[in-house]
Every structure is written in C-alpha cells, then in structure tokens.
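> Going down the list, the sequences are from chains P and F.
First residue of the first sequence? That's -14 in my numbering, and the numbers climb one at a time after it.
First residue of the second sequence? That's 1254 in my numbering, and the numbers climb one at a time after it.
These aren't lab readings, by the way, just hints derived from the structure by calculation.
Everything numeric in this text was worked out from a predicted model, so none of it was measured.
C-beta: ideal position from N, C-alpha, C; glycine also.
Hints should not be assumed to be uniformly reliable.
Just some of the chain F residues that point at chain P, by a computed CB distance under 8 Å [as the list claims (entries may be wrong)]:
hint : residue
1    : Y1284
2    : K1295
3    : V1296
4    : F1298
5    : S1301
6    : S1308
7    : E1309
8    : F1318
9    : E1355
10   : T1356
11   : Q1357
12   : Y1358
13   : F1359
14   : G1360
15   : P1361
16   : G1362
Partial list, computed: chain P residues near chain F (C-beta under 10 Å) [as the list claims (entries may be wrong)]:
hint : residue
17   : G1
18   : R82
19   : L84
For each label pair, taking beta carbons as the anchor points, the in silico distance ranges come out as [claimed, not checked]:
hint : chain 1 : residue 1 : chain 2 : residue 2 : range
20   : P       : T52       : F       : G1293     : 27 to 33 Å
21   : P       : N37       : F       : I1313     : 28 to 34 Å
22   : F       : G1293     : P       : T5        : 22 to 28 Å
23   : P       : P96       : F       : E1321     : 43 to 49 Å
24   : P       : P96       : F       : N1327     : 39 to 45 Å
25   : P       : P96       : F       : P1323     : 23 to 29 Å
26   : F       : E1256     : P       : Q(-6)     : 28 to 34 Å
27   : F       : E1309     : P       : S36       : 18 to 24 Å
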Amino acid sequence: SQQGEEDPQALSIQEGENATMNCSYKTSINNLQWYRQNSGRGLVHLILIRSNEREKHSGRLRVTLDTSKKSSSLLITASRAADTASYFCATMDTGRRALTFGSGTRLQVQP
Amino acid sequence: EPEVTQTPSHQVTQMGQEVILRCVPISNHLYFYWYRQILGQKVEFLVSFYNNEISEKSEIFDDQFSVERPDGSNFTLKIRSTKLEDSAMYFCASGGTSGIQETQYFGPGTRLLVL
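Bound-form chain F, shown alone (with noise of 0.2 Å):
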C-alpha cells in the first residue's frame, strides 16, 4: 500500500540556522500539506500545496517557512532560521487524485528539535 515517507525521521539543529524537511508524498497525489504538532498539543495546519503553488496557509506560515516540490516525487519545507519554538513533530500529508480531495494521508513525521 502506498505511503507517504519523511526524511530525516529526526534532526538537531542550532536556534537561527535553515533545515530542510523532505516528504515523498503518495504518487498521484494532487494536494500536499504540511502540519506540526507541538509535543502534548494539537496538530497544526501550516500550509497546502496544489498545481505547484500555496493554495491555503495559517498565520503560523510566516516568512520564515517556505515549501517546494523540486521534481515530481518531492515536497520540501524549509525552515530559514530556526526558533527554539520550532521544536515540534513535522508532518507532511497527501490527498486527491482529482479536483476534489478528502482524505489526508499522513507521514511517519520528523522530530524537529532546536537548542
């Protein structure tokens, strides 16, 4: 059964440097997201990502964040300076293989920690 897949599954990075976060989406998955969940809080939304473009973003999106599909199998979120209150789990998700989309498939997720 086809999966999404995250890489790495961890990553420690120092507070201000970049990290870049990988995702392998489902293969004819139209809609791609990102979300993150703070240890003991809830999943959040961060962004989608359909026709190669942002379709939705959350005000946690700011311009510190940026996503790209670099090739056809690929979904990238970079973090250009990482915050101590980045530290969270990453999860990448995927859905649609039409115009319309329900279902959200989700990563394994990385854990993210900033020192």
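Excised from the complex, chain P in its bound form (with noise of 0.2 Å):
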C-alpha cells in the first residue's frame, strides 16, 4: 500500500484484465484523491471520495474507502495499453490543504 507500504509496487497485466491497487494512510482525512502520471509527465486527477463515502464510479474505475482500516483501492476494469503509468493516492487530511502522497504503483498493461 501507498504511503509507507506499496501494495503492490509495480503491477503488470495483459490488456482486457483488471489491475486492483491499494492505498493505506495514517492520519484522519477530508477525501482521498487518486491520481496518474505518465513516465516523467504531470499528475492528471481521476477520482476524488470522500471520507464519508465508501465507494465512487467513474467509467472503468472503482474506488473504495475504509476509514476504520485507513485503507483505499482503485479498480481499472478491462484494462488498455494506454492505461500504463504510475498511479498515486494522495490524502488531504482533515484540517488541511495540502495532499499527501503515497509512493505509487507502476502499472504495465502488455497489448
């Protein structure tokens, strides 16, 4: 898991599987962000959920959040090529501003 543990750290899959990464925090939040970086690139937002919400859909992700484990997971569903990169969760903890993130998950989807 990101922020401390990598969980996992790298992922390779075969395009049309399902790539699953998780996310463990430590401090009390407003929302967890999940965000992509492509190979030296800038961070592009996907999915923001709150800390009062436990699951959030957009197209092909799925994220969860379990505050009383402080844990997150994003689901990319029948995954593409395209969708190789580096997957960050950042938390904005409660009374702040600033976001925290996590090391990563580089993920390598093979055509």
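Need the complex rebuilt from these two chains, each delivered in its own frame; the hints are there to steer you.
Below, the structure written as structure tokens:
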C-alpha cells in the first residue's frame, strides 16, 4: 500500500484484465484522491472520494474507501495499454489543504 | 477544458543562482499550490496560497523559497539561491471555486536541474 507500503509497487497485466491498487494512510482525512502520472509527465486527477463515502465509480474506475482500516483501493476494469502509468493516492488531512502522496504503483498493461 | 500551465518546461541553472518558476492556474480557482517530486521519490507538498497569502507551508519551504501572485493570472515560485538538492520536478496546482476546495488540478511541471 502507498504512504509507506506499496501494494503492489509494480503490477504487470494483460490488456483486458482488471488492475487493483491499494493505498493505506495513517491520519484523519477529509478526502482521498487518485492521480495518474505517465513517465516524467504531470499528474492527472482521476477521482476523489470523501471520508463519508465508501465507494465511487467513474467510467472504468472504481474506488473504495474504508476509514476504519484507513485504506483505499483503485480498480481499473478492462485495462488498456494506454492505462500504463504510475498511480498515486493522495490524502487531504482533516483541517489541511495539502495533499500527502503515496509512493505510487507502476502499472504496465501489455497489449 | 481549462488547464494549469507552467513555464518553462525545463530549467538548468548553476548552484547559487535564483530561479523563478511560473504557473498560470485555472482562471476561476482560488487556491494555488506548489509541489515537487525529486526523481524516483514521492510528490511532496511545498506551499499553498489563498487570498494573496500563504495559507500553509511544509518544512521544505524555507527562507530560500517564496511565492507570489504578481497579477490576476500568474503564480510564481522563486528559489533565491539554488542548491544541488533543489533539482526536481516542480508542479503547480490549483483548485476551489468557493470557500471549500477539494480537487487539485496539476500542471505539467517544470523540471529543474541545478548544476
């Protein structure tokens, strides 16, 4: 998991398969956000889930949040080669504006 | 779709020199941020800016750093005397159209190399 432990740090799958990435955190949060970063490029916002939400969907993305376990997961369904990137979770702690990023999961989708 | 833009995309400077990194946030956003990412490491928060003043800063953001919104569109990060360890990708972000902001939209980054 991110923010300390990656789960996994790297993931290689075939096109069409699902990819699941996990993130753990240690603080009290307002929300948790997922970003994608292509190699050496900027951060693209994917989805935001608030602390009072348990699950959220956006297209092929499904995010869950378990505040009792302080963990989140990002599921990408029916992956494509274009999904190859690093994926980061970032938390916005209660009372703060700053995002705290995890170490990321490097996803490789083989065509 | 509106985007955060940053200039330059790459900057090479000598140690001890001053650099100014520029950002144009999304036009109706109220909160502005700088983050950095040293090669191979996590993205780290530097500073947030709201209502023409710093609202939060990290311990990385020491006296060598300053931010400014010189006009209605630009947001700058100045490093007064660069060090080798300042070499990183610097990201500007903006967010929030009301008193509560959440999603932060990032620019493409400026890659700074200090020699």
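> Going through the earlier hints one by one, which of them does the structure break, listed in rising order?
Of the numbered hints given earlier, those the structure breaks are 8, 17 and 25, listed in rising order.
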